[in-house]
Amino acid sequence: MRFAVAIAAVASCAVAQKIPRLPDGKPNFSGVWAGPAFTHVVGANDTDTPRVTNFDRSKMATFLPGAEARFYQPPTGNPRHDDPTELCLPDGHPREALAPYAQQIVQTSDTVVFLYEYMHFFRVIPIGKPHPQDVDPTFMGSAVAVWDGDTLVIDTVGLREWTLSASNGWHSDALHTIERLRHLDSTTVSYAITIDDPKIFTKPWSQEFQMKLHPTWTLLEQVCEENNRCEGGKCTASDPQGATK
Amino acid sequence: MTFSSALGRCGAFLAASIAAFGHHAYTAEFDTTKPVKLTGVLAKVEWSNPHIWIYLDVKDDKGNVTNWGFSASPPGMLIRRGITKNSLKLGETLTVTGHRAKDGSNNASGNVVTFADGRDALIGQDQALNPTEAK
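So the protein lines, in turn, are chains A and B. Residue numbering for the first sequence follows this note's numbering, starting at 1 and increasing by one per position. Residue numbering for the second sequence follows this note's numbering, starting at 1001 and increasing by one per position.
Read the hints as simulated data drawn from the structure, not as lab findings. Here the structure is a predicted model, which is why all the values come from computation and not from measurement. A portion of the hints provided could be inaccurate.
Unchecked claim - Over the 12 Å line for every Cβ pair with chain A, so calculated as not near, a few chain B residues: (1) 1059; (2) 1064; (3) 1069; (4) 1100; (5) 1102; (6) 1115; (7) 1117; (8) 1120.
What the hints assert, rightly or not - Straight-line distance between alpha carbons at most 27 Å, and here's what the computed DSS-like set of lysine-lysine pairs gives: (9) B:1102 <-> B:1044; (10) A:59 <-> A:234; (11) A:129 <-> B:1085; (12) B:1037 <-> B:1062; (13) B:1044 <-> B:1034; (14) B:1089 <-> A:203; (15) A:26 <-> A:129; (16) B:1034 <-> A:234; (17) B:1034 <-> B:1102; (18) A:18 <-> A:212; (19) A:234 <-> B:1102; (20) B:1037 <-> B:1102; (21) B:1062 <-> B:1034; (22) B:1059 <-> B:1102; (23) B:1089 <-> A:18; (24) B:1059 <-> B:1089; (25) B:1062 <-> A:212; (26) B:1085 <-> B:1062.
Heads up, the beta-carbon is just placed ideally off N, CA and C, and yes, glycines get one too.
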């Protein structure tokens, strides 16, 4: 038992020594990452496989009385209700983190910036500062970070009622998330997120994903409005074939 | 994953129910009860966001040609898998499988493309509906 504990401690120490760090000694997450929504099977030419990713229902806490119907709202045929991203409206946090697109982290000693390829969203997150006193609800919310050892802990509030993920339901305006980023090795990061929505679930729940650093990647342009079609299943109305062929 | 390794790994996905597109809810736009499989000549490629579109001129038994549009993954998702715009050549004969648009127009999702030499590539979503993800 003691031997196993010692081995684990040595392994942990080896990881701690090898991960990239800022001059102040804090872990450095800077770089372009395949986020939670990739398989992380890295092939030739630094490829990876994006995969639309949702929260696992088995990880979720039980619903408050009546809240399941608020979370799983049946489709109405209105894209704004059924999936707002169909109209190129934002996916918001935390769905953005689970989008099958690359994301870049730019980090300094007092700020961590997430640049998301999908819809060009960003989060500028101060480290060591409190949330503002009066937060207006937004798609990406108000986020602040602190260090817990070598783990970066990001606390987000101020989120408007919106979709939780691509296939999961609607969270409330009371959603609060806690993300924990920690290196598993120099190119792999554990991304654990806690979903705390006291209007929907009986208690907070968490799910852990991984992120993989891709040194050769750069963020691509992603303009959703460029050629968006088939909103609400009506492909004909916006069909550009006749105009461009 | 390279383009070559992306080829030929598609069979298991053909029968898969599809949870979501790279951009939005797949089932909002395409009727998963209406699978399509069409062969035609690649007439146009729109390598653009939020989804690429490829167009096939499909000839029926009487020689009438109908143009079909197929919506596939976004450029970024394909590029990350090793599939680029140059992987699709105008004038090539292709077979595309997917699901027809809900409005019944000659549009569909494009999930798997098969080339004349038998190679195939996943250009749409690559995941089955995970029972744990849906109600």
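Taking the hints in turn, this is what the structure says about them:
Annotated as non-interface, residue 1059 (chain B) keeps its C-beta farther than 12 Å from every C-beta of chain A; the closest such distance is 17 Å. Here residue 1064 (chain B) stays apart from chain A, with its beta-carbon at least about 17 Å from theirs, past the 12 Å limit. Not every CB of chain A lies more than 12 Å from the CB of residue 1069 (chain B), the least distance being 6 Å, so the non-interface label is violated. Remark: the non-interface label on residue 1100 (chain B) conflicts with the geometry, its nearest Cβ contact in chain A lying 9 Å away (cut-off 12 Å).
The claim that residue 1102 (chain B) lies off the interface is violated: its Cβ sits roughly 3 Å from the closest Cβ of chain A, which falls inside the 12 Å cut-off. Even its closest Cβ contact with chain A, about 20 Å, leaves residue 1115 (chain B) beyond 12 Å, as expected for a residue assigned away from the interface. With a minimum CB-CB distance of about 21 Å to chain A, residue 1117 (chain B) clears the 12 Å threshold, and the non-interface call stands. The beta carbon of residue 1120 (chain B) is kept farther than 12 Å from every beta carbon of chain A, the shortest such distance being approximately 16 Å.
Under the criterion of a C-alpha separation no larger than 27 Å, the hint pairing residue 1102 (chain B) with residue 1044 (chain B) is consistent with the structure, at around 22 Å. Between the alpha carbons of residue 59 (chain A) and residue 234 (chain A) the distance comes to roughly 35 Å, so the proposed pair goes past 27 Å and is violated. A C-alpha spacing of about 45 Å is found between residue 129 (chain A) and residue 1085 (chain B), which places the hinted pair above 27 Å, so the restraint is violated. The suggested pairing of residue 1037 (chain B) with residue 1062 (chain B) holds, with an alpha-carbon distance near 18 Å, which does not exceed 27 Å.
Distance hint between residue 1044 (chain B) and residue 1034 (chain B) is fulfilled; the C-alpha atoms sit about 24 Å from each other, no more than 27 Å. Restraint check for residue 1089 (chain B) and residue 203 (chain A): the C-alpha separation of about 53 Å exceeds 27 Å, so the hint is violated. Under the criterion of a C-alpha separation no larger than 27 Å, the hint pairing residue 26 (chain A) with residue 129 (chain A) is consistent with the structure, at around 17 Å. Restraint check: the Cα-Cα separation between residue 1034 (chain B) and residue 234 (chain A) comes to about 15 Å, which is no more than 27 Å; the hinted pair holds.
Proximity of residue 1034 (chain B) to residue 1102 (chain B) is assessed by CA-CA distance (about 9 Å); at most 27 Å being required, the pair is judged to hold. A hinted pair counts as satisfied when its Cα atoms are at most 27 Å apart, and residue 18 (chain A) with residue 212 (chain A) qualifies at roughly 16 Å. This hinted pair checks out: residue 234 (chain A) and residue 1102 (chain B) have alpha carbons roughly 7 Å apart, not beyond 27 Å. Taking the CA atoms of residue 1037 (chain B) and residue 1102 (chain B), the gap is near 16 Å; set against the 27 Å cutoff, the hint holds.
With a CA separation close to 24 Å, the supplied pair residue 1062 (chain B) and residue 1034 (chain B) stays within the 27 Å bound. A distance of roughly 22 Å separates the Cα atoms of residue 1059 (chain B) and residue 1102 (chain B); the hinted pair therefore holds under the 27 Å criterion. Between residue 1089 (chain B) and residue 18 (chain A) the alpha-carbon distance is near 45 Å, which puts this suggested pair outside the 27 Å criterion. A threshold of 27 Å between alpha carbons decides the hint, and for residue 1059 (chain B) with residue 1089 (chain B) the separation of about 19 Å falls inside it, so the pair holds.
A distance of roughly 53 Å separates the Cα atoms of residue 1062 (chain B) and residue 212 (chain A); the hinted pair therefore is violated under the 27 Å criterion. Restraint check for residue 1085 (chain B) and residue 1062 (chain B): not satisfied, since their Cα atoms lie roughly 32 Å apart, outside the 27 Å limit.
In the structure shown, a violation is registered for the earlier hints numbered 3, 4, 5, 10, 11, 14, 23, 25 and 26, in ascending order.
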